[in-house]
Each structure stands twice: as structure tokens, then as C-alpha cells.
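Trainee: So the protein lines, in turn, are chains A and B.
All you need for our numbering is the position in the first sequence, starting with 1, plus 4.
All you need for our numbering is the position in the second sequence, starting with 1, plus 339.
FYI, nobody ran anything at the bench for these hints, they're computed from the structure.
Here the structure is a predicted model, which is why all the values come from computation and not from measurement.
What you were told as hints is all true, and nothing was included just to trick you.
In the DSS-like style, the derived pairs of lysine-lysine whose C-alpha atoms are separated by at most 30 Å in a straight line are:
id, chain 1, residue 1, chain 2, residue 2
1, B, K405, A, K293
2, B, K359, B, K394
3, B, K360, A, K235
4, A, K362, B, K394
5, B, K405, A, K235
6, A, K115, B, K426
7, B, K426, A, K113
8, A, K270, B, K405
9, A, K98, B, K426
10, A, K191, B, K402
11, A, K113, A, K293
12, A, K293, A, K342
13, B, K394, A, K235
14, B, K402, A, K270
15, B, K426, A, K86
If you want a taste of the chain A side facing chain B, the calculated C-beta under 7 Å gives, among others:
id, residue
16, G102
17, Q104
18, G107
19, T109
20, S124
21, P127
22, T134
23, E262
24, W265
25, M266
26, F273
Glycine included, C-beta positions come from ideal geometry on N, C-alpha and C.
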Amino acid sequence: MGKETMNVELAVVGGGPAGLAVAAKAASYGVQVTVFDENERPGGQLFKQIHKFFGSKEHQAGIRGHDIGYSLLSQCEEFGVKTMLNTVVWGIEKNMLGIQNNGRTYTIKTKKTIIATGASENPLCFPGWTLSGVMGAGAAQTMMNVHRVQPGQKALMVGSGNVGLIVSYQLLLAGIKVAAIVEALPKIGGYMVHAAKIRRTGVPILTSATICEARGENEVEEAVIASIDEKGNVMEGTQRVLPVDLICIAVGLRPLAELCWMAGCKFMFLPVLGDHVPIHDENMRSTVKDIYVAGDVAGIEEASTAMEEGRLAGIAVAEELGYLGSEEADEKKNLARKRLESLRLGPFGDTRAEAKRKLTESEVNR
Amino acid sequence: MSKKDLIICRCEEVTEEEIKKAIREGADNVDAVKRATRAGMGLCQSHTCYTLIVKIIHEMTGKPIKEILPATHRSPIRPITAEILAKSKNM
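The shape of chain B in the complex, shown without the other chains (with noise of 0.2 Å):
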């Protein structure tokens, strides 16, 4: 297995040289990867790939760790279905 081909995210199947990618041509925080490659977006809402896309970005960009924060957090945070929120009166 070529390491171009090691996947990061795995809900969205986002490879490593995807992300690779989108940082040099500007995406220097976890939000402007996620808006580039949808890496984070998928059912775990970047549990997973979190401090692997901040490795990534911290050593292409030289950018220090403490300063690459997670994308936002809206709402809602665990997956719900459309049927669900549909029926409900509140939203």
C-alpha cells in the first residue's frame, strides 16, 4: 500500500495527499481543510481524523500546534436523522 493512498478521514474518505493538497494551495487551519475536502464532516464529526489533520497542518505549515483549533462546533453534534427534527416541535 502506497502511502499516498492512506486515508485520514475515514467517514469521508479523505487521503492523506488530498489534504496534503489543499493545505498548499492555502488551507492552513482544520476549517479551510474541512471546507476544501469535507475531512471531518462525516458521521464522527472528526473524532477521528481531529489530531491527525493538526499533525498535518502543524508540519507543511510549521504552524505551532497550540495555535490550530478545531473547526466549529454547531449544532447538532451527533447525527440525527431529517425525520427526527422534522417531527419535532421545537426547531
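Just chain A, same shape as in the assembly (with noise of 0.2 Å):
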């Protein structure tokens, strides 16, 4: 393998919240640790949240997403966390990744491994959904809020879960129309606090709605939406046509996993948490030796859940590693997982703290 191979203590794939909250807290202890990301900044998705973040003060809440970002890159810097940008982690085996940076690949020896990959836009289908102007809700936010490009002029947004309802509100704040957002379930996805902000600006939410079919040449020109009855089936006379050159599709996200699935973890699947999910223990630990995961790819929830499952796996790998005492370890630790309770609390935590709890009571952890 020669001069190709280096050695890490700890490989971080995925700069995300969950990513840099792993690397911080990890490096805080004194753990080498180096953090893999493809794109060409580090941060994932925090960047694009321009809103303010909502729940208690030890959680961040009101604080925006982008300087959640910016002080969680400043603590990495701190404690010499690395930084690998623009660079793909295309395979990996046991305690080896195999990267690529710069038209080169290296082989990466690493003592632990946290993957931290977050995850990908749930696609829907239907006639047209190929032409331009479709696109997940995500795609739409990257455009505005990282290039600062209109993706279109006036939009339909399919899905009112909190990614529809937020990036929503942000195609009006870059002056953007948005025409409808349909649902097909009978109510609103989201916090109702997200959807009483797109409300008061009069933009509909029609539930029991779908899009048909997006029409147009060479791009959408319109969509054509309609109700739908208890079977997901479409109500003949209730066509509507809109006058749309933009689609967006916020019909879920799940764990972005083909490395969790390439290394061997075991994997339950659990639709709350957006598809088959790899097991996990209360530390974060995958079913694979060394290997840990922590964020979305651990189950779809929010950035401020990524982030404490980011620090908790930080303290773990510390531990093992020999940096942090059982007894201090296992006091963070809990401190940690008491955050993480706090979180998953409501109508919306609920079933996703028993749904995780169904991963780390899993019998093949033991």
C-alpha cells in the first residue's frame, strides 16, 4: 500500500452536525481526529438553516442554524480536529476507508470509524416528475440559501412536514411565489409553528392532496393537483391546474446507509426513522467493531438530536480509546442521553424515542 495508506485514530465520514459534533467533543479529549466530507464545505445541512432553532436553551433554541455551524467549526479548529473537504469516502472494510481526494485515492487506516453520512431526499413519481424544474425540497434550499439561485419563480411544494413547511417559507423569503402546498395525509406534517408561519402569509395547505402529473415542453409550465380519498386515490372532478415552473418534493428523508450496509452492520427497519436503520447501542456503537454512527444516519430526526448522539458517540470513542475514565465518561455519557430524552419528547418524540429504543434494547448488541 506504501506512501497511499495514513493512518487516523478517528475518521469522522460526514462534516454534518452530527460529524463535527462527534469530532469536537472527541477531539476535546485529546482523540486525533480527522473529518471526511464531500462537498467543498463543512457543515451539511446546518448551513442552509437560516431559521431560528426552537425547544430549550441548552439545545440552542434561538439560535440560527448557520451560527450553530459556525461554533461548532470554531470548537473543531480549537481542539486541531482535521479537515478533509471535497473528499469521498467510496468504500470501506473493517477498519479501512478507502477515500478520494484531489484525482487520488488513499487507503485510510483508522482506529475507530464514525459514520455520520445523514441521509436522502425521498423521491416521488409521477408523470413529468423527470422534467426540469422538479426537484427535493432540499436541492431547492441548497440552491437559495448556499448559491443564493432562484430555482424558479413560483412553486408548488409537495409535503407539509417541517423540510416542506421551512423551505416553504424560505422560497417566499427569496421572493419566490409559492402557489400551494399539498398533502396527502389528512392533516399537517409538521410543528404547527412552521405552518402557521406559511398561513399568515396566505399560502394554502391543502390536505388529502397530490400532485398528478407537472406538464410542460422542455420544463414545467404547470401541475395539476388534486384531492385524494383515505386510499391515496385520486377524486375525479377535483383536477386543479397550477401555473407552477417549480416542483418541490418534501416527502421524507432516509439514513443515506451504503456504508453502514458495505461494512456489515445489522439493520432494523423502522419506518418512523425513515427505513431500515442500523442497530445501534446506547453509545452510539454499530453492531460492527470500531464503527459507530450518529445523526440521521441513525434514524431521520433534527439536527439538534444529531448533534447530541454526535457528542455522546464522542465521549464513547474517547472512552475506549483510553482518553476519559469509566466513571467520567459514564457521567457525561448520561448527561448526554438525557438531553438526547429531552428531545424526544411530545407527539412527535414519542414514537421516535421508542423506535430508538428498539435499536438499543436490540438483542444483537449484546
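Put the two chains together into one complex; each comes in its own frame, and the hints tell you how they fit.
Mentor: As C-alpha cells, then:
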């Protein structure tokens, strides 16, 4: 393997909220950490989150996502975390990663690996869905908030979960009209605080409704929407045509877990967490030795939970590598677990908390 | 646009009808559909079409969604040019 092999004590794959939180935490105890991220900037989705987070103060309520990102980055810098950007991790086997950087591939030998690769957007398939102008809500968000480009002039949002609601509001802020939000379920999916903000602007949120078709010559020119019954079938006579040039799809996320599959992690099917989810114990350790998971890849939740899971994994890894005594580590891990519990309260949190318990209590962890 | 021409895998331009035909001919999992049609073998490596294919398999075979697993993930999971691989000493 020669000189194209690098040794890394802790490799973190993915520099989003979970990965950066792991890195900062583990490095603060002395672990040598390298973060690999395929993007040209670290921070994952945090720098696209221009809204204020809510919840309690210890979870950075009232602070905007991008400011949380800057604070994580400065912590990483302070503790000497190395960051390799524009770097794709394309393979994993036991304690080795295959990476590509600047036109070359390298082998990374690690003592511990954290997979914090986040999530990908679910698609929705309908006639015309491959037309230019149909995109994931996250893609529209990247165009607006990262590249400062308007993805269209008039939009239809499909899906009223938090992503659909927040991105709709951001479309409005970017000067794009939003014709409507359609939601297949009989009620709005996301938090009422986000839905109310949208409704105050006059944008209709149509429940029990779906998109039937996108029409246009070379790009989207109009969208056909309709009401649906309990079985999801379109009710005849309810079709309406909306003149839009942008259709954003926000119908959920699923863990981006290819590296976990490749590493041989065991999975559990938990729809509430997004799909098949890598099983992990209460230290965020996967079923494969030396491989940990944190954030959306370990079940779709929120940036705040991703960061707490990251801190928990960071403490656990520092302990395993001998940088932290078990008593001190237990105390810190319990505090992180308590903060995670408090983030998983309420009607949205309860089902996630239960699904997470199924993962940590799974007998394959033992 | 007829429903028959609906594209499921955008990278390899595989239609819903081609996928259904493969399933009718016995491809009852994601890997088999991929081998029969190339769906999921393109640049994005099934990031987009995976859930759509799972849904079609579920609807046509009645197999529970939890039992329909992704196709085997192999290196490289992201596109790498042959030139880069050839230049690398460790491959």
C-alpha cells in the first residue's frame, strides 16, 4: 500500500451536525480526529438552516442553524480536528476506508470510525417528474441558501412536514411565490409553529391532496393537483391546474447508509426513523466492531438530536481509546442521554424515542 | 404523457413498464430488478429510484416492504474515474 496509506485515530465520515459534534467532542479529550466530507464546505445542512431553532436553551433554541454551524466549526478548530473537504469516502472494510481526494485515492487506516453521512431525500414519481424544475426541497434550499440562486419563480410544494414548511417559507423569503403546499395525509405533518408562519402569508396548505402530473415542453410550466380519498386514490373532478415553474418534493428522508451496509452492520426496519436503520447500542456503537453511527444515518430526526448523538458517540469513543476514565465517561454519557431524551418528548418525539429504544435494546447489540 | 413511459430510474432511463415486466418474469427483489433492467446502476447508484422500485415490488408481489432490502452496496459507492483508480498505487 506504500505511502498512499494514512493512519487516523478517529475517522468521521460526514461533516454535518452529527459528524462535527463527534469530532469536537472526541478531540476535546485528546483524540486525533479527521473529518471527511464530500462537499467543499463543512456543516452539512446546518448552513442552509437560516431559521431559529427552538426547544430549550441547552439545545441552542433561538439560534439560527448557520450560527450553530460556525460555533461547531470553531470548536473543531480549537481542538485541532483535521478536515478533509471535497473528499469522497467510497468504500469501507473493517478499519480501512477508501477515499478519493484531488484526483487520487488513498487508504485510511483507523482505530475507530464514525459514520455520520446523514440522509437523502425520498422521491415521488408522477408523469412529468423528470422535467427540469421538479426537485427535492433540499435541492431548492441548497440553490437558494448556499448558491444564492432562485430555483424558479412560482412553486408548488409537495409535502407539509417540517422540511416542506420551512423550505416554503424560505422560498417566499427568496422572492419566489408559493402557489400551494399539498399534503397527502388528512393533516399537516410538521410543527404548527412552522405551518402557522406559512398560513399567515396566505399560502394555502391543502391536505388530502396530491400532485397528479407536471406538464411542460422542456421544463415545468404547470402542475395538476387533486384531492385524494383515504386510500390515496385521486377523486375525479377535483383536478386543478396551477401555473408553476418549480415543484419541490418534500416527502421525507431516509438514512444514507451505504457505508453501514457495506461494513456489514445489522439493520432494523423502522419506518418512523426513515427506513432500514443501522442498529446501535446506547453508546451509538453499531453491530460492527469499531464502527459508530450518529445523526440522520442512525434514524431520521433533527439537527439538535444529531448533535447530541454526536457528542454521545464522541465521549464513548474517547473512553474506548483510553482518553477518558469510565466513571467520568459514564457521567458525561448519561447527561448526553438525558438531553437526547428531552429532545424526544411530545407527540413527534414519542414515536421516535420508542423506535430508538428498539434499536438500542436489540439483542444483536449483546 | 402515458403512464407506460414513466421513467423510474433516471440515470439509466428505465421505465416503470420495463421494471414491471422484470418483476412479472420473476425479479422479486431490488438486486434482481437491477440485473434485469440496469435500474439503479447509474451515476446516482439508486439513491433516487430505490424507494420507487421497492414500492413497485411490494405492490406487485405483496412482499412486505420491510423484507425488500437494498441491492448489495459495493465499492466504489461514488463515481470514480478509471483514470484515478489506475493512478492509485494501493489498488
